[in-house]
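Using the hints, position chain D against chain F.
Residues per chain, in single letters:
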Amino acid sequence: MNGSLVTDTVTVFSRELRPVLRNPFSAIFGMVQPLVFLGLFAPLLPDAVGAGQGSALQWFVPGIVVMCCLFGTSMTGSNLLFEIQTGSHERMLVAPLRRPALLIGRALKEIVPVLVQALIIVAVTVPFGFELHPAGALLGLLILALFCVGLGALSYTLALASKNQEWLFWTVQQTLLFPLLLLAGMLLPVDSGPGWLATLSRFNPLTYVVDAERVLFAGEIASVTVLWGVLAAVAVAGLGLAVGTRAMRRAV
Amino acid sequence: MTTKMIEAKGLTRHFTVRKTTVEAVRGIDLTVGTGELVALLGPNGAGKSTTLRMLTTLIPPTSGTARVAGHDITTDPRGVRRRIGYVGQGNGAGHSQRGRDELINQGRCYGLSRTDARTRAADLITTLDLAGVADRVVSSLSGGQRRRLDIAMGLIHAPELLFLDEPSTGLDPQNRANLQDHIRKLRADHGTTVVLTTHYLDEADSMAERVIVVDNGRVIADDTPARLKADLAGDRVTLVCADPDAARRAAVRAREVAARAGGPAGRAALAGPAGAAVEQIGDTATVRVPDGPGLLPGLLRALADDGVDVVRADVARPTLDDVFLNLTGRSLREGGIAGTEQESNR
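Taken in order, these protein sequences are the chains called F and D. Here the first sequence stands for residues 1076 to 1327, where the numbers follow the numbering used here. Here the second sequence stands for residues 764 to 1109, where the numbers follow the numbering used here.
Quick caveat, the hints were computed from the structure, so don't treat them as lab data. Every residue, glycine too, gets a C-beta built ideally from N, C-alpha and C. There could be a bad hint or two in this list.
As the list claims (entries may be wrong) - Residues from chain D that keep clear of chain F, each with C-beta distances beyond 12 Å, as calculated: (1) 782; (2) 783; (3) 940; (4) 952; (5) 1023; (6) 1073.
Said to hold, decoys possible - In silico negatives: residues of chain D with every beta carbon more than 10 Å from chain F: (7) 786; (8) 835; (9) 932; (10) 943; (11) 1007; (12) 1020; (13) 1043; (14) 1067; (15) 1076.
As the list claims (entries may be wrong) - Label pairs and their calculated CB-CB ranges: (16) 1098(F) - 933(D): 24 to 32 Å; (17) 1213(F) - 783(D): 55 to 63 Å; (18) 1240(F) - 1079(D): 44 to 52 Å; (19) 1240(F) - 936(D): 34 to 42 Å; (20) 1096(F) - 1092(D): 56 to 64 Å; (21) 892(D) - 1115(F): 46 to 54 Å; (22) 1213(F) - 825(D): 51 to 59 Å; (23) 1240(F) - 833(D): 32 to 40 Å; (24) 778(D) - 1246(F): 20 to 28 Å; (25) 1001(D) - 1240(F): 46 to 54 Å; (26) 783(D) - 1118(F): 55 to 63 Å; (27) 933(D) - 1208(F): 54 to 62 Å; (28) 794(D) - 1246(F): 44 to 52 Å; (29) 921(D) - 1240(F): 36 to 44 Å.
Looking at chain F on its own, in the form it has when it is part of the complex (with noise of 0.2 Å):
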């Protein structure tokens, strides 16, 4: 019975999902914030904002979509810093399970509340006048899945280098949160902003992820735009698992 690296990363992966199968609601809770930012944020935005493509809320939604998976995905790690404190992850690296599965099964169920989140969103603003191209928003989900493994990825690394510090994990997690969330432009165009300010949202790899996310979901598939937000999400996703693993191997 010598377990694969696939099943041991699906028996990390059905561990990780259970609580959150077993209450659903969990999930949601994480989406208060983003929701907020729709119902409160959304309205004031004049709808020369969405220019391009047709309406503000048109415009705004693949943003909130991308902003529920940073939320959720980046504060992944606590759960495993919690876990490093009571001892069960202690329990797991005893087991003969292979040392990136403990990684990688637990990035890869960080999509299953973003994409729940994600068509929640969908289905909320729907009868509000967000017009859905299904194709395009199947493909960014995709974007989006990988985006959030590589961030969750990340998130687990942070976990494991604060380990007995758990103020070096929220510190890191919200200094970087807000700087990221700002410069890819999720709330506002920074299109409209400074010269810098542009320059420097074009270093912030969720810009083109939300970029992406926008170009997709206003049904426009063949796009350069499209083109790099996959890109973003890959190199995202690989940097996360590289790092990730590599910690996860020397954790202790």
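Positioned in the frame of chain F, the structure of chain D alone reads:
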């Protein structure tokens, strides 16, 4: 199957904390045979947990080698992990999970099929009296229930060798007794080799067939509790006399009688770092000897012949704390309170 379940040679482990090197384990040789129940006893910070963490592949040794359940901890850690069970100081079950889910998942971690894992989990839930709480969220369980769940998780794959790190810490006396019963039963039913660490003297004394006393990163004694106590501590005979002068005379006579009865081996052992074997304070004389009940009648007769008036006589059997005190000059009880629990976090 080999008859040696654990064979460790010269295990050391250093930690570097803020540029200073801490030698947590300074060269431990250890051999544990199949089916033994061994307790590592020592104060907090002695190196017990660090030793256990090396043997369970959680941390690599700085130097030294060990074969555990037939596999080398450095070159084949997965081979070791497959064969051992481990119950750590924390909770193996995730707090947001349900007990039964975690048990089944643990079985899957060790390569059990879904059906086998489910059956095995159900068996252990019954054995460890978890039926009422197995389907609740772990965070809602009491300390004793969580501990039993941890033990169940360590046993899911029926390991040949089970490590328990401070299994009784934080349990009330009744739960501690229950836990000890479970461990004894496990050995009786399956012949599992058990290695546990503890700083509870009574636990090591009543449970283990072999106690390995660890202090300052080294093994300082290794024998059955009975032999450790007889060889390294001895009984304490206390005589309360009518006045200090009578007590002084009693002490002199007691030394002679003890020397005649104890033989050279007994005398050598009793002249440990804790000081002389005979002591007199006020109207009380105390003498430490290997066999107190055997000494007392003769001693009392001799004192009656001398005309020394003995008011009270008492024989106290030694504890493992007396053993530790004799070996190190420190009490394990004090060390257990004053010591730091840092090593558990590494």
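For each hint, the structure was consulted:
no. : hint                          : in the structure
1   : 782                           : 18 Å, holds
2   : 783                           : 18 Å, holds
3   : 940                           : 23 Å, holds
4   : 952                           : 23 Å, holds
5   : 1023                          : 55 Å, holds
6   : 1073                          : 55 Å, holds
7   : 786                           : 18 Å, holds
8   : 835                           : 15 Å, holds
9   : 932                           : 12 Å, holds
10  : 943                           : 21 Å, holds
11  : 1007                          : 56 Å, holds
12  : 1020                          : 54 Å, holds
13  : 1043                          : 51 Å, holds
14  : 1067                          : 61 Å, holds
15  : 1076                          : 50 Å, holds
16  : 1098(F) - 933(D): 24 to 32 Å  : 28 Å, holds
17  : 1213(F) - 783(D): 55 to 63 Å  : 57 Å, holds
18  : 1240(F) - 1079(D): 44 to 52 Å : 48 Å, holds
19  : 1240(F) - 936(D): 34 to 42 Å  : 36 Å, holds
20  : 1096(F) - 1092(D): 56 to 64 Å : 58 Å, holds
21  : 892(D) - 1115(F): 46 to 54 Å  : 52 Å, holds
22  : 1213(F) - 825(D): 51 to 59 Å  : 53 Å, holds
23  : 1240(F) - 833(D): 32 to 40 Å  : 38 Å, holds
24  : 778(D) - 1246(F): 20 to 28 Å  : 25 Å, holds
25  : 1001(D) - 1240(F): 46 to 54 Å : 52 Å, holds
26  : 783(D) - 1118(F): 55 to 63 Å  : 60 Å, holds
27  : 933(D) - 1208(F): 54 to 62 Å  : 57 Å, holds
28  : 794(D) - 1246(F): 44 to 52 Å  : 48 Å, holds
29  : 921(D) - 1240(F): 36 to 44 Å  : 38 Å, holds
Checked against the numbered hints above, the structure violates none of them.
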